[in-house]
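S.K.: If you read the sequence shown in my numbering, its first letter stands for residue 422, the second for the next number, and so on.
By construction, these hints were calculated from the structure, which means they are not laboratory data.
Among the hints, a few may not be true.
DSSO-like cross-link-like pairs, simulated, lysine-lysine; straight-line CA separation at most 27 Å [to be verified]:
1. Lys608 x Lys562
2. Lys608 x Lys630
3. Lys630 x Lys563
4. Lys608 x Lys594
5. Lys630 x Lys594
6. Lys630 x Lys562
7. Lys563 x Lys594
8. Lys563 x Lys608
9. Lys562 x Lys594
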Amino acid sequence: MLDRRLYIERWQSIVGKNTADAAEMEKLSIAQGAVRELLLRPVPWVCVFFILGIAAAAGIDFSLSAALIWCAVFLITAVFVVERPLLFCTAVAGSMYWLGIATALNAQDLPPQHVAHLARTAGNRADIRGYVLDPPQERGKKNVFVLRASAVQGEQGASRPLRGDILVWDFQKNQLGSGQMVRIRGKLFQPASFLVSKNRTYREVLRRKGIYAVLSIGREGQVRCLDSGGGLAAWMYRRRAGWQSLINRYCSPAAAAMVGAMVLGVRTDMPDFVTETLQRTGTVHILAVSGFNVGVIAVVIFTVVKLFFLPYRMRFVLTLAGIGLYCMLTGATPSVVRAGIMAGIFLLSFVFFREYDPLSGLGLAALLILLHAPEQLFDIGFQLSFLSVLSMFMLTPPLNRLMPEVWRRAGWRRGIWESVSLSLSAWLGTAGLVAYYFYMVTPVSVAANLFIGALVTAITVGGVVLLMAGGVPFLAEPIGRSVELFAAGIYRISAALAEIPGAYWYPVSVNTAGVAVYYLLFVGATAGLIGYARRIRAAAGDSGREAVPRPAQRA
Numbered sequence: 422m423l424d425r426r427l428y429i430e431r432w433q434s435i436v437g438k439n440t441a442d443a444a445e446m447e448k449l450s451i452a453q454g455a456v457r458e459l460l461l462r463p464v465p466w467v468c469v470f471f472i473l474g475i476a477a478a479a480g481i482d483f484s485l486s487a488a489l490i491w492c493a494v495f496l497i498t499a500v501f502v503v504e505r506p507l508l509f510c511t512a513v514a515g516s517m518y519w520l521g522i523a524t525a526l527n528a529q530d531l532p533p534q535h536v537a538h539l540a541r542t543a544g545n546r547a548d549i550r551g552y553v554l555d556p557p558q559e560r561g562k563k564n565v566f567v568l569r570a571s572a573v574q575g576e577q578g579a580s581r582p583l584r585g586d587i588l589v590w591d592f593q594k595n596q597l598g599s600g601q602m603v604r605i606r607g608k609l610f611q612p613a614s615f616l617v618s619k620n621r622t623y624r625e626v627l628r629r630k631g632i633y634a635v636l637s638i639g640r641e642g643q644v645r646c647l648d649s650g651g652g653l654a655a656w657m658y659r660r661r662a663g664w665q666s667l668i669n670r671y672c673s674p675a676a677a678a679m680v681g682a683m684v685l686g687v688r689t690d691m692p693d694f695v696t697e698t699l700q701r702t703g704t705v706h707i708l709a710v711s712g713f714n715v716g717v718i719a720v721v722i723f724t725v726v727k728l729f730f731l732p733y734r735m736r737f738v739l740t741l742a743g744i745g746l747y748c749m750l751t752g753a754t755p756s757v758v759r760a761g762i763m764a765g766i767f768l769l770s771f772v773f774f775r776e777y778d779p780l781s782g783l784g785l786a787a788l789l790i791l792l793h794a795p796e797q798l799f800d801i802g803f804q805l806s807f808l809s810v811l812s813m814f815m816l817t818p819p820l821n822r823l824m825p826e827v828w829r830r831a832g833w834r835r836g837i838w839e840s841v842s843l844s845l846s847a848w849l850g851t852a853g854l855v856a857y858y859f860y861m862v863t864p865v866s867v868a869a870n871l872f873i874g875a876l877v878t879a880i881t882v883g884g885v886v887l888l889m890a891g892g893v894p895f896l897a898e899p900i901g902r903s904v905e906l907f908a909a910g911i912y913r914i915s916a917a918l919a920e921i922p923g924a925y926w927y928p929v930s931v932n933t934a935g936v937a938v939y940y941l942l943f944v945g946a947t948a949g950l951i952g953y954a955r956r957i958r959a960a961a962g963d964s965g966r967e968a969v970p971r972p973a974q975r976a
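I would like the entire structure built from these sequences, with the hints used as guidance.
M.R.: Spelled out as structure tokens, the structure:
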């Protein structure tokens with residue numbers, strides 16, 4: 422394994438020996454500063470060039486073999502220029518760029534047993550076996566759900582393996598549950614190509630979710646429920662459906678839907694009036710399991726594990742295993758996987774006694790997700806999840822450094838400032854994409870997240886405790902009433918904030934150029950704020966060293 426310190430020492434010998442000083446950092450050229458940041462924190466930059474490669478693959482016509490050749494050329498070049506930091510970093514960046522292109526092109530080459538090949542002929546009759554991912558949702562005259570295919574029945578009676586997800590239109594409205602194994606006979610075809618938003622067709626939207634076919638169950642269709650099968654994944658979906666039923670038993674429908682969305686990742690029964698209210702206040706993200714929920718779950722698991730007086734490292738290992746199981750139970754959406762990977766890296770830092778870098782954890786999470794499914798880069802949930810966390814990492818620290826000295830001494834004032842800066846950072850980082858995709862700007866979300874954050878924590882903890890006490894009615898009933906009270910509080914606060922004049926408004930038109938200009942201004946303002954905060958910190962450090970002598974000087 423290559424030693425990173427070798428490159429850092431080599432770089433320092435070229436640009437200067439005292440590079441840690443803030444005054445010396447300002448004298449560095451852009452290229453030297455970029456090299457230093459890449460060597461000290463390589464994972465985020467590697468992820469950036471990998472993402473650029475995936476984005477480029479969507480707009481160019483290139484072959485997979487040529488992309489792999491260029492990737493190999495840059496990698497070999499990096500080996501020969503390993504002692505030249507600038508050339509080495511350039512070669513690594515080029516190799517990751519072409520690796521991103523190769524990964525995206527390889528994902529477009531579907532295996533022979535994929536359902537997309539079976540759906541090429543419109544109106545093709547098919548007999549498919551698989552399991553239901555989420556409970557069916559009623560959409561007018563039909564129920565809609567996603568089927569994870571496992572096999573298809575041939576004309577001669579023999580079955581063969583089948584892979585891929587299928588969107589099912591059930592006009593018979595059969596009563597099916599999550600994780601249930603079924604055998605469906607219906608009409609299989611490709612999704613239509615009509616426009617559903619700006620420059621996006623219905624077929625493209627479904628393909629970015631991994632869905633390449635639609636199965637219609639009409640009058641001549643047939644659905645038969647099977648006893649078992651589907652493996653571990655199907656069992657987990659059935660287990661999640663059972664827990665949702667338990668929550669429905671002790672909470673009202675609206676509260677049960679909110680608890681199920683926050684704890685289990687099930688959003689099928691959410692009332693429209695709740696979703697619309699949360700959208701107007703920019704807090705609809707609380708209905709998706711994300712880093713906040715995973716963090717709460719990690720604390721709960723660690724607290725329970727700590728009661729058994731296990732060794733120090735074993736506590737973190739068991740907590741990591743619990744988070745991994747929780748991510749699988751909630752459907753492994755991009756936000757959950759991102760939060761799970763970052764939480765896993767954080768816990769492993771305690772196991773191996775290493776320093777944790779949040780930006781490197783975020784970059785590694787994005788890299789792993791995109792290596793597995795590069796089409797996730799164009800998913801709205803993926804973009805909002807990673808961009809909100811990235812903006813909080815980059816913008817919150819400099820905002821906190823601007824805190825008045827009087828506020829730093831008071832705990833409650835400092836907490837308010839840090840909470841506002843965190844909420845403001847997340848809103849500014851995602852405002853451009855929210856306006857582009859949902860045609861809405863929600864300034865009130867900065868204040869709404871402050872009031873709702875504590876209630877989300879209470880609901881998440883209460884939901885977990887409710888599931889643990891589900892078999893004991895005299896314990897589950899008061900917990901369910903408490904959780905329902907918290908859910909009602911979230912709705913009432915959101916509804917009240919949405920009535921404030923200017924809480925939300927709809928922009929006239931937001932195009933790609935407008936979003937690009939917004940994020941250019943956002944990046945420039947963030948960079949300027951970071952530089953200003955560094956100067957404030959350097960000035961405070963200089964004055965502090967003059968006013969307070971070092972321990973050696975006291976002696």
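S.K.: Assess, step by step, whether the Cα of Lys608 is no farther than 27 Å from the Cα of Lys594, and give holds or violated.
M.R.: holds (16 Å)
S.K.: Just to be careful, I want the Cα atoms of Lys563 and Lys608 compared with a cutoff of 27 Å; is the pair within it?
M.R.: holds (15 Å)
S.K.: Would the hint linking Lys608 and Lys630 be met if the CA-CA limit is 27 Å?
M.R.: holds (21 Å)
S.K.: Below or equal to 27 Å on CA atoms is what counts here, so check Lys562 against Lys594.
M.R.: Within the cut-off at roughly 8 Å; holds.
S.K.: Mind checking the alpha carbons of Lys630 and Lys562 for me, to see if they're no more than 27 Å apart?
M.R.: holds (24 Å)
S.K.: Given the hinted pair Lys630 and Lys563, is their Cα-Cα distance within 27 Å?
M.R.: The hint holds at about 21 Å.
S.K.: Does the structure keep Lys608 and Lys562 at a Cα separation of 27 Å or less?
M.R.: Status holds; Cα separation ~17 Å.
S.K.: Is Lys563 within 27 Å of Lys594, Cα to Cα?
M.R.: It holds: about 6 Å lies between the C-alpha atoms, which stays within 27 Å.
S.K.: Check whether the Cα positions of Lys630 and Lys594 lie no farther apart than 27 Å.
M.R.: holds (24 Å)
The structure shown violates none of the earlier numbered hints.
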